[in-house]
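*Asks:* As you go down the protein sequences, you meet chains A and B in turn.
Be aware that the first sequence starts at 1, since it is given in the working numbering, and climbs by one per residue.
Be aware that the second sequence starts at 1, since it is given in the working numbering, and climbs by one per residue.
Note that these hints are calculated values from the structure, not bench results.
It cannot be assumed that every hint is accurate.
One copy or two, either will do: identical chains are not told apart, so a pair holds if it fits within one copy or between any two.
[Unchecked claim] Under the rule of at most 30 Å between Cα atoms (straight-line distance), these lysine-lysine pairs were calculated in the DSSO-like manner: (1) Lys282 / Lys59; (2) Lys231 / Lys266; (3) Lys59 / Lys266; (4) Lys132 / Lys170; (5) Lys311 / Lys282; (6) Lys262 / Lys170; (7) Lys282 / Lys52; (8) Lys54 / Lys282; (9) Lys282 / Lys170; (10) Lys185 / Lys170; (11) Lys207 / Lys129; (12) Lys132 / Lys102; (13) Lys207 / Lys54; (14) Lys207 / Lys52; (15) Lys262 / Lys185; (16) Lys102 / Lys59; (17) Lys271 / Lys128; (18) Lys129 / Lys289; (19) Lys128 / Lys185; (20) Lys170 / Lys129.
2 protein chains.
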Amino acid sequence: MSAYVMPFQLTILGTSSALPTSNRYPTAQVLNVSGRFFLIDCGEGTQTQMRKYKIGFSKINHIFISHLHGDHIFGLIGLLSTMVLYGRINDLHIYSYSELQKYLSVQLQFLYANEIPFNIIYHPLNFKKEQKIFEDMKVTVYSFPLSHRVPTCGFRFEEKPALPNLIPEKIVEYQIPIRDRQRIKEGGDFITSDNIHIPHEELTVNKHPARSFAFCSDTRYDESYIESVRKVDILYHEATFANDNNELAQTTFHSTGADAAKVALKAQVGKLIIGHFSARYKDHNIILKEAQAVFPETRAIIEGEVINIEKPLLISD
Amino acid sequence: MSAYVMPFQLTILGTSSALPTSNRYPTAQVLNVSGRFFLIDCGEGTQTQMRKYKIGFSKINHIFISHLHGDHIFGLIGLLSTMVLYGRINDLHIYSYSELQKYLSVQLQFLYANEIPFNIIYHPLNFKKEQKIFEDMKVTVYSFPLSHRVPTCGFRFEEKPALPNLIPEKIVEYQIPIRDRQRIKEGGDFITSDNIHIPHEELTVNKHPARSFAFCSDTRYDESYIESVRKVDILYHEATFANDNNELAQTTFHSTGADAAKVALKAQVGKLIIGHFSARYKDHNIILKEAQAVFPETRAIIEGEVINIEKPLLISD
Numbered sequence: 001m002s003a004y005v006m007p008f009q010l011t012i013l014g015t016s017s018a019l020p021t022s023n024r025y026p027t028a029q030v031l032n033v034s035g036r037f038f039l040i041d042c043g044e045g046t047q048t049q050m051r052k053y054k055i056g057f058s059k060i061n062h063i064f065i066s067h068l069h070g071d072h073i074f075g076l077i078g079l080l081s082t083m084v085l086y087g088r089i090n091d092l093h094i095y096s097y098s099e100l101q102k103y104l105s106v107q108l109q110f111l112y113a114n115e116i117p118f119n120i121i122y123h124p125l126n127f128k129k130e131q132k133i134f135e136d137m138k139v140t141v142y143s144f145p146l147s148h149r150v151p152t153c154g155f156r157f158e159e160k161p162a163l164p165n166l167i168p169e170k171i172v173e174y175q176i177p178i179r180d181r182q183r184i185k186e187g188g189d190f191i192t193s194d195n196i197h198i199p200h201e202e203l204t205v206n207k208h209p210a211r212s213f214a215f216c217s218d219t220r221y222d223e224s225y226i227e228s229v230r231k232v233d234i235l236y237h238e239a240t241f242a243n244d245n246n247e248l249a250q251t252t253f254h255s256t257g258a259d260a261a262k263v264a265l266k267a268q269v270g271k272l273i274i275g276h277f278s279a280r281y282k283d284h285n286i287i288l289k290e291a292q293a294v295f296p297e298t299r300a301i302i303e304g305e306v307i308n309i310e311k312p313l314l315i316s317d
Numbered sequence: 001m002s003a004y005v006m007p008f009q010l011t012i013l014g015t016s017s018a019l020p021t022s023n024r025y026p027t028a029q030v031l032n033v034s035g036r037f038f039l040i041d042c043g044e045g046t047q048t049q050m051r052k053y054k055i056g057f058s059k060i061n062h063i064f065i066s067h068l069h070g071d072h073i074f075g076l077i078g079l080l081s082t083m084v085l086y087g088r089i090n091d092l093h094i095y096s097y098s099e100l101q102k103y104l105s106v107q108l109q110f111l112y113a114n115e116i117p118f119n120i121i122y123h124p125l126n127f128k129k130e131q132k133i134f135e136d137m138k139v140t141v142y143s144f145p146l147s148h149r150v151p152t153c154g155f156r157f158e159e160k161p162a163l164p165n166l167i168p169e170k171i172v173e174y175q176i177p178i179r180d181r182q183r184i185k186e187g188g189d190f191i192t193s194d195n196i197h198i199p200h201e202e203l204t205v206n207k208h209p210a211r212s213f214a215f216c217s218d219t220r221y222d223e224s225y226i227e228s229v230r231k232v233d234i235l236y237h238e239a240t241f242a243n244d245n246n247e248l249a250q251t252t253f254h255s256t257g258a259d260a261a262k263v264a265l266k267a268q269v270g271k272l273i274i275g276h277f278s279a280r281y282k283d284h285n286i287i288l289k290e291a292q293a294v295f296p297e298t299r300a301i302i303e304g305e306v307i308n309i310e311k312p313l314l315i316s317d
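Start from the sequences and build out the full structure, keeping to the hints where you can.
*Replies:* See the structure below:
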């Protein structure tokens with residue numbers, strides 16, 4: 001089981017909230033699923049962080065924007081301009097509130113008379129219910145409504161389960177012909193020439209279980225989206241405030257560390273990572289500690305870190 | 001002459017050109033003239049740099065934008081949004097190509113339905129000739145046309161000369177009455193009761209000579225703007241390329257280090273500082289060396305540095 005596992009890797013580009021700090025960038029994360037790079041939110045300076053942490057601009061084909069507040073979108077126009085300067089030709093897909101198209105189009109019109117060398121394909125999000133917004137061979141992406149002051153969605157990325165491997169010894173033992181092997185990998189059993197039924201499970205071993213990641217920012221605590229993040233391996237949840245600003249969290253539709261941890265606990269996620277800390281906290285440890293008191297498997301994200309999203313191997317769901 | 005000299009100080013916030021680098025910000029500088037903070041250009045991430053280098057957002061009342069390329073303007077919307085978040089009420093003056101008003105207004109309309117708590121007063125620049133664009137008790141600011149692919153202006157900041165001090169010993173020696181002192185400071189002579197004529201120069205000492213700074217970015221080499229920067233104490237001039245890309249500099253309307261130095265030499269400036277280096281140069285020393293070969297008093301700007309713009313004291317113009 002030490003076989004090469006395809007990446008399911010999150011790179012943290014920014015961790016802060018709306019007000020600028022001298023040492024943290026606003027929200028942006030990149031999820032690498034087997035070589036597909038998904039950019040989630042794009043605060044000011046995201047392109048600088050991508051350069052710093054070696055995420056190639058040309059690798060980004062899908063951008064997911066949770067909501068249209070400045071600290072989640074002000075990096076877009078710079079990133080798009082850099083893509084223009086580099087002569088990008090591949091389509092770029094942006095998943096967001098539909099109004100973003102207007103916002104970006106008017107800027108691109110101004111800067112380039114809308115003559116840019118690639119297509120931008122806008123995918124409007126649904127703020128009423130969970131929806132599948134992307135799917136290919138390796139991954140499915142869902143959006144789901146959060147509870148913020150403006151239309152806001154979270155995103156869940158689900159790796160597709162890989163087909164299991166046939167166990168070489170079993171191929172020899174039962175003399176399984178090549179023509180049957182793909183069918184068995186896809187779930188079939190094997191009938192020997194003596195008409196003995198060998199179940200799929202005896203013949204195969206799972207490569208690795210499918211992994212999942214969910215992103216929840218910005219939002220106040222709301223049980224409506226718990227089902228959408230149930231049992232993900234890693235949940236990123238905003239934690240703008242500590243308990244001392246619980247009321248402010250309510251009125252601004254943000255979460256405390258404890259709120260984020262309650263979501264993680266109720267949704268039975270593997271691990272919780274928190275960020276989007278308010279600039280008022282010089283040290284966000286207080287937010288982290290309050291979260292850990294509710295859900296011990298909590299960490300604060302750090303700019304530039306790469307998080308390998310993993311399940312314990314050989315444990316099936 | 002060791003009296004406190006009012007600041008005439010340039011803080012470098014960004015040094016790079018259009019393509020993002022991992023360790024440099026695009027163009028932005030702040031000039032502090034006796035407590036007035038003038039922001040010159042505003043590339044992406046300028047507000048982060050201001051926070052890092054302790055330039056208070058509320059101190060900025062005047063923003064000068066040389067031209068409307070992304071690496072000089074993408075930080076504006078984030079900075080304005082932060083001013084909104086902080087509840088700014090003071091007027092903000094922006095000096096730029098007139099089209100910037102449209103570009104920013106449409107974004108502010110989108111983000112805040114144009115209901116922001118302060119006025120933005122737009123001052124369109126003149127791209128045909130030099131023009132005085134700001135003046136108060138301490139400083140006069142001029143814009144002058146540069147030669148780039150789009151309408152572009154440079155800026156010159158001229159401190160107003162301070163009135164000289166009366167020499168205390170002379171006041172005693174000639175028993176100068178209080179009523180005459182302001183007139184003498186302003187340039188008058190003194191006639192004693194014995195009808196002896198004492199010239200102004202014998203009675204006064206200059207506090208410090210007026211200082212000046214000019215900003216030229218982006219531009220190709222063009223002698224048309226040399227008179228506008230003549231004899232400034234410090235000239236900032238872009239130097240995007242080294243001589244190896246001389247042709248590219250011509251076709252993109254940018255300067256080499258040697259071009260910048262030629263301007264400095266012909267304009268007889270005190271010192272030259274260069275920046276806006278292309279991302280293709282891992283090490284910009286080649287640009288610097290080529291500039292110094294033409295004009296030895298040249299330095300490359302460094303992010304975060306504070307440059308005290310000085311004249312040698314007691315040397316009059």
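*Asks:* Measure nothing new, just compare the shortest in-copy and cross-copy C-alpha distances for Lys282 and Lys170 to 30 Å and report within, between, both or neither.
*Replies:* neither (59 Å within a copy, 56 Å between copies)
*Asks:* Treating 30 Å as the Cα threshold, decide for Lys262 and Lys170: within, between, both or neither.
*Replies:* neither (46 Å within a copy, 79 Å between copies)
*Asks:* Have a look at Lys311 and Lys282 and pick one of within, between, both or neither, based on CA distance no larger than 30 Å.
*Replies:* neither (34 Å within a copy, 41 Å between copies)
*Asks:* Cα distance capped at 30 Å. Does Lys132 pair with Lys102 within a copy, between copies, both, or neither?
*Replies:* The answer is within: 23 Å in one copy meets 30 Å, while 37 Å across copies does not.
*Asks:* Could you figure out if Lys207 and Lys52 sit no more than 30 Å apart (CA to CA) within one copy, between two copies, both or neither?
*Replies:* Result: close neither inside a copy nor across copies, 33 Å intra and 47 Å inter.
*Asks:* Evaluate Lys128 and Lys185 at a C-alpha cut-off of 30 Å and name the case that applies: within, between, both or neither.
*Replies:* neither (38 Å within a copy, 74 Å between copies)
*Asks:* When no copy is named, should Lys102 and Lys59 be tagged within, between, both, or neither for a Cα gap of at most 30 Å?
*Replies:* Answer is within: at 25 Å inside a copy they meet the 30 Å cutoff, but 33 Å across does not.
*Asks:* Evaluate Lys207 and Lys129 at a C-alpha cut-off of 30 Å and name the case that applies: within, between, both or neither.
*Replies:* Neither, since 33 Å and 71 Å both go past 30 Å.
*Asks:* Have a look at Lys271 and Lys128 and pick one of within, between, both or neither, based on CA distance no larger than 30 Å.
*Replies:* Close inside one copy (27 Å), not across copies (62 Å); limit 30 Å.
*Asks:* One pair to classify: Lys170 and Lys129, alpha carbons no more than 30 Å apart. Within, between, both, or neither?
*Replies:* neither (46 Å within a copy, 86 Å between copies)
*Asks:* Is it within a copy, between copies, both, or neither that the alpha carbon of Lys59 lies no farther than 30 Å from that of Lys266?
*Replies:* neither (35 Å within a copy, 47 Å between copies)
*Asks:* Within a copy, between copies, both or neither: which one fits Lys54 and Lys282 at a CA-CA cutoff of 30 Å?
*Replies:* both (28 Å within a copy, 16 Å between copies)
Violation of the numbered hints given earlier is confined to hints 3, 4, 5, 6, 9, 11, 14, 15, 18, 19, 20; the remaining hints are satisfied by the structure.
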